[in-house]
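K.L.:
The primary structure of each chain is shown beneath.
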Amino acid sequence: MSATTTAPTPGSTALPAFRPSLKVPVSLGVLALVALVFFGFLGSDKTAEMKISDAGDAVAVPALMIPGQVGGIVFGILLLAMAAYSIYLWTQGEKSPKWLPIAFAVVFVFALLVWIVAGARQPSISLAGLVAGSVTLAVPLVFGSLSGVLCERVGVVNIAIEGQLLGGAFTAALVATMTGSPYIGLIAAAAAGAVVSMVLAVFSIKYLVNQIIVGVVLNVLVSGLTGFLYGTLMVPNKEQFNTPGRLDILPIPLLSDIPIIGPILFEQSIAGYLMYIAVAVVWFGLFKTRWGLRVRAVGEHPQAADTLGINVNATRFWNVTLGGAIAGIGGAVFTLVTIDSFTKDISGGRGFIALAALIFGRWNPIGAFLASLLFGFAYNLQSILGIIGTPVPSQFMAMLPYLVTIFAVAGLVGKSRPPAASGIPYVKG
Amino acid sequence: MGVVKLELKGISKAFGTFYANQDIDLVVESGQIHCLLGENGAGKSTLMNVLYGLYEPTAGQILVDDQPVNFRGPGDAMAAGIGMVHQHFMLVPVFTVAENVALGAEPTTFGGVLSIDETRKKIREISDKYGFDVDPDALVEDLPVGVQQRVEIIKALVREAKVLILDEPTAVLTPQETDELLDIMRQLKASGTSIVFISHKLREVKAVSDVITVVRRGKVVGDAPPTASATELASMMVGRPVSLSLNKAAAQPKETTFVVENLTVRAANGTNVVDGISFDIAQGEILAVAGVQGNGQTELTEAILGIQEHVTGSVVLDGKQLLGLPVKDVLRSGVGFVPEDRTVDGLVGPFSVAENLVLDLYDQEPFASGISMKPAKVAEHAKAKIAEFDIRTPSAGSAAGTLSGGNQQKVVMARELSRPLRLFIASQPTRGVDVGSIEFLHKRIVAERDVGTPVMIVSTELDEVIELADRIAVLYKGKLVGIVPAGTPRDTLGLMMAGVGPEGGSDDQ
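The listed protein sequences derive, respectively, from chains V and E. Numbers given in the working numbering equal positions in the first sequence, counted from 1, plus 14. Numbers given in the working numbering equal positions in the second sequence, counted from 1, plus 501.
Excised from the complex, chain E in its bound form (with noise of 0.2 angstroms):
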């Protein structure tokens, strides 16, 4: 088998006068996996989709094997031997696994016939190989994501990829099916295959990769080798020293307060995406919803926040019954909520950071008396909420959509903060959120708990629902595993995700 080696030289990329790449340079050995390293929006994936050739650079070269190449398109990258599998996976969702493996390298016979049947073996072969089981016969759409991911390698490997380039891959995946994909990483390197691993979570790039390169704002900043401590890893990728561990005190729960039970959420198509859930929080205490991303995860905030229709079941907070209430009246029983994305539900982008600051008090004292508001006070109060919580913006004036993913996400936490709480939701509040800020955004919730706020935070993060959490349930098809005290290990919860009990039993299948 022919190994390549890659070499990127001065790669830059700009949009408009922004550059999301500035000056890379990047060697990939043949035979090794290679980490880039940085936090969202770091620029990593630019720099994947101009070495496979989705992006024009706009300054640099690409060499492989010392050659310099130029690649007008991702079919002149593929016959170079570079495979990618992106972070939203490139599958025809209403194809079969065969279909979509042989989409743009068709095998055909006379007249371009389809002769699927040649996609068919080479899969089958491919997948006894690496242990994929993958039925060439099933239909994209029905498979779970980690079995899609492992088409899209097929597809790369049926290239006969040399270089296979993962961009953020597991990002969608239960911890044992990140575990099985790091294997069958191992296997591909011991098989001759380089690989671009491009993550920003630590545990799994320390864990597989034989060289880091850590990459901040568009700019490489350094290599590390794979021995090198998180602490000091993050702290390149920050670009500051930043503390890993939240080291928080023992919760100390008192009364219970919030008691959610037997809440189930109908979809359109008949199936319960929330399922009979019960649950109860206690004044001081964190409970963490662990699950993969699309469990009934959402569905469940916001069903108690009560925009969810179909709901069945009870949620009582203080003794009074939420469900079926106006959102209004739910907010104003004293419930603060960080939705899961901000962009969409948790800011109005083009709005002032002072004017989303009050977007759930406009209507009432101090920031407006009878139909006209305050401006002096929405002002003000802007100027207090960012300096406690240093939020990085040019003025209380700008337009929130301008500022950075943290920043936003500050501002939507001092919104939902600076009521008196009685209950506080936080779905996903560190979701694409840089290093520096989630350490900052995890004390301020922990303080909130300290005060004796019952709070619920829901993250498909395994990390941050360990970091933050008094006790974890876990969700899997939108029923509760079960739920289960902070300590357990993350084999337990990994398989609890995955939809086993915590006893052991399947729940499912």
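Extracted from the complex, chain V is given alone in its bound form (with noise of 0.2 angstroms):
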């Protein structure tokens, strides 16, 4: 070679060595301390009862004592050892484990649950309740997040998702009064769903209008549309238009008497197991049959979905649709379950919630599915502790399903990838 040859230059860089974010550790690090000065050394030395059965339960489980300063101060330690090792883990240049923040999660949790149970009035919480009362709340965030996972799936964003639970919550509650049925109510309520979606679908399908704007206008159209009809109309006939009745409850013999998941699996009502099934089938069908695998290529790369002869508009169209009618049943269950009756903004902004459990969820229907049972869990927690009284002023607790919203949103989620082209109209050529 001639002399303007120079030897290849083999990365010999002054950059120092590429180094994890600090986040995680030191957040860490900080709750640790927090957990231990305030649950630890701040704690009640009252002892917290956690209660695993209850009185009638065909099986007895003894109750868990956890004596409030004493547990707090090894709670802390252990919530120390696992920030120490986090902090070990970034001095090596390594990240910390997906699992450790989890379990520090949880741990935390049960010690932030037992410093408040020992500082109450009342010391002492069902474990069984707590955790029965949480599926319950997250039924409809459940139902809520599963229609944003078809609809972001397939790559229209659906804000409109309190406006599908709202329409659903209203239309239940009046088919299920005027026909004396409440399963009639149910499947109204996934058709007033489906065509709340239908508006959704066409304006930012069809028309191409911002979906972000098209979901906001219409969750405050059926706030507004449906607080006027109930002001208008059930209101002054709450006989005729707002006594639906509720879904019975289907305990399922012998297996609803296992302490703690037999309340949450085999005592349900027909809309509770519809959300283990609408869970189980949205995950086969995107993952493993061919609709969730189109619905995922147009989510995606919608071009090479049209390219391979799919009809790309015309799939957003009918899931988007169906997510709608996910949420409706969603919706149903308010009126129908929870409570007995419609009230203006019954769903009260749990809508968000579900996108929020979504997002946490990485937009897999399982995911989105454990993230509503957190939130749900929250939800619960705040009533709860209402009950047993806390030291802790109400409006604080009220505020716990939003905080833990954020910081799972904000923290924890990560680098997740949402579905390619959501939120991108399809336009041909």
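Hint data in this document are derived by calculation from the structure and do not stem from the laboratory. Just to be clear, a hint being listed does not mean it is correct.
What the hints assert, rightly or not - 30 angstroms max Cα-Cα, derived DSS-like pairs, lysine-lysine:
hint	chain 1	residue 1	chain 2	residue 2
1	E	720	E	707
2	V	442	E	720
3	E	690	E	506
4	E	506	V	442
5	V	109	V	37
6	V	109	E	884
7	E	829	E	944
8	E	978	E	884
9	V	302	E	884
10	E	510	E	630
11	E	829	E	884
12	E	707	E	506
13	E	623	V	302
14	E	690	E	622
15	E	690	E	702
16	E	884	V	442
17	V	442	E	749
18	E	630	E	755
19	E	884	E	749
Everything numeric in this text was worked out from a predicted model, so none of it was measured.
Please assemble the complex out of the two chains, which come individually in their own frames, going by the hints.
P.N.:
Have a look at this one:
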């Protein structure tokens, strides 16, 4: 080779080795210290009682008794150890494993629970009731987030979950009262959710209106419309229009007596059972069937799907509609399961929490389900702690579900990747 | 295996009032490689999208085996035995190869449940038959582009395509990958598949075609045999005689005034997209940087200009450290910069040609004094540059975005060359530019060299690199594989572009 040839210069760089972010180790460390100081040293000296089985259960399990201060110190040290492990890994240039923040969060929440219960007027709580109540409160969230999963996986951002829930709740109450059957109300709720979704679909897919704006407008529209009808129709004529009755609870004999998981899995209304079925079916459908492959392709790379003869916009339209129907069923839970009448804005922002659950659950039906359970737990904790009387002001407890949402979505989601074409209308050519 | 004869009769496709295709007749005989040759924007891709059912023709007819057909969508085209590999791959990056191949024609069992195993088996069969070496379970986003392209071909073959349309298939490939693709095309032809090969690269077209049809401005200009000379073909494409070789004088390098040392650019994900690169350029010399797209060229030029973050190393021009200076100071140090994408970084589309010509000097004498601009001076300057660079524009006041690609590029080049320069950097100086303008732009670049400016050219077109370079630097995955003199054989350069060092040792893998 000639003189102008220089040898290849292999990478000797002045840059330091790449280090993982300090975010996780530092936040774990701070939280662990907070736990040790507040839950431990400043904790109550009373003993927290955690009941596992209820009085009437077939299988009796003794309650957990945890002394407040000692328990707090033990948990605090455990948390500090986990934080220390995370910092050690960081000094070695390694990332903390995924299970570490999750295990940390579980222990932290349990420590928080012990601290609050031990400090309450009545230091006793039923774990079974806590968990079962969490699932009940999570049911509408699960349906809502499944709706979001279906829409976003196919490439349409569904901000209108709130409106779909609310539309479903109102229609369920109205139709169930008028027909005298909550089951017909449930079906009507699905139809109402589907109609709200179709409006979203038509405007965002056919007329290419910004999906976020259509969604927000739909939420306001449904809220206004149901509020108006509630005021003019339901309030003066409660007997005729707003006494839907409840969906029957259908316990499965024997299985429903298993402590803790019995009431959750086997003592539900039809809507509760439908939720489990919906999660399983949507997951299987999305990842194991032809339909799911096409749906995901349309949401990731619509042009590729188009060149293979898949009708992108029709796929989007029907999926968004299906999502709306599922959210509508979730809305029916408010008026046919939780309580037995409609009130204005009964969904109370749960559609947005469902949206957070779907993101936290990484656009996966099972992830969305688990995230919804977490948010349901936060809702339930808030109400139970209000009942047993904690020193924490109730306004702060009311913030709990939203705080959990913010921390979960901002802190723990990390680098999750939404479907590539989500929110982008598809125009041929 | 059934063979298909494909015929297009009087196809026109209009977008509004603009005709992308006008009255096109084309016959693709079975078992042939039929090349569609034309410049960027000549309407080749539009024509193929019509044939593939993605666009509905405004007028005209498609005949398959002499039977008129009416494709309502790609599904109909595929059913008729037509497959297409698009210029921008139609693959879902987060799917596996098998999922991508199955999509749209999924083998299923009871109830629509996927049985992806069948697709896996088919992929292995085809992969073995043609030596594709494709793993059905790999994620597409992890595959090199060359392999992704084979996945696209497999997609068409699984659907039993008898006619395969390849739209600019070599644009993203290294020279070696290109040769492999040409071999695959010959194999496919031997097994009875006809191929429509769309390209503007004369060398490849001549190497593989049975028939060449030249398209210009939406119309068929005529057919040519593959034995036609490159100059003849180029003249047909452009519509007037062109000279393909530059005939530049040998370089007269003088003092070395531009030195880059150990330049490293770190990306957000922690990898070094430019990894410890050192080189220098003398006055009166052109260093051409070769490499397949996406190997750090963009970041390298942008780091020199000062618009990249996380840059370490040293960039010295005329003894002055440029690294860390604001972009304006870098430009005022005498750096002329032609960015790789003129529509994004080079021009303000809605601004007039005259305004675009002074984007760098709008706030300085003679175009401004104090806070006011001097429109008369700007117009005068525009008039001179339009004449000097032969910019074809309705007027100096026309929006730059409305000009053709070649004329837009001339505007950028005219602006950057109108200052006294101490260094000239041009990224992809002729991408998407018609053959006639390429000739002109190349001459201007050489002229800048001959007045004694160090010139750095970045191009992914190996022909352009060979044409212009006095020395050639090859980048691969952000690293400098080596710097070799002009006249280094194409094969060596091709290997270097794949990461194999000039001495034969592998630098990577």
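K.L.:
Next pair to validate is residue 978/E with residue 884/E; report whether the Cα-Cα distance is within 30 angstroms.
P.N.:
Measuring from Cα to Cα gives roughly 43 angstroms; hence the hint is violated.
K.L.:
Please verify whether residue 442/V and residue 720/E have alpha carbons no more than 30 angstroms apart.
P.N.:
Roughly 24 angstroms separates the two Cα atoms, so the pair holds.
K.L.:
Below or equal to 30 angstroms on CA atoms is what counts here, so check residue 506/E against residue 442/V.
P.N.:
Holds - the C-alpha atoms of residue 442/V and residue 506/E are around 28 angstroms apart, at most 30 angstroms.
K.L.:
Decide if the proposed pair is consistent with the structure: residue 829/E and residue 944/E, CA atoms, cutoff 30 angstroms inclusive.
P.N.:
Holds: residue 829/E and residue 944/E sit about 28 angstroms apart, inside 30 angstroms.
K.L.:
Residue 690/E and residue 622/E: Cα distance at most 30 angstroms?
P.N.:
With a Cα-Cα distance of about 23 angstroms, the restraint between residue 690/E and residue 622/E holds, given a limit of 30 angstroms.
K.L.:
Quick one, are residue 707/E and residue 506/E close enough, alpha carbons at most 30 angstroms?
P.N.:
22 angstroms, holds
K.L.:
Straight-line Cα separation of residue 109/V and residue 884/E no greater than 30 angstroms?
P.N.:
60 angstroms, violated
K.L.:
Mind checking the alpha carbons of residue 442/V and residue 749/E for me, to see if they're no more than 30 angstroms apart?
P.N.:
46 angstroms, violated
K.L.:
Mind checking the alpha carbons of residue 690/E and residue 506/E for me, to see if they're no more than 30 angstroms apart?
P.N.:
Cα-Cα ~14 angstroms, so holds.
K.L.:
CA of residue 302/V to CA of residue 884/E, is that 30 angstroms or under?
P.N.:
65 angstroms, violated
K.L.:
Are residue 510/E and residue 630/E close enough, with their CA atoms no more than 30 angstroms apart?
P.N.:
35 angstroms, violated
K.L.:
Starting from residue 884/E, check that the Cα of residue 442/V is at most 30 angstroms away, please.
P.N.:
Outside the cut-off at roughly 41 angstroms; violated.
The structure does not agree with the numbered hints 6, 8, 9, 10, 16, 17 and 18 stated previously, though it agrees with the rest.
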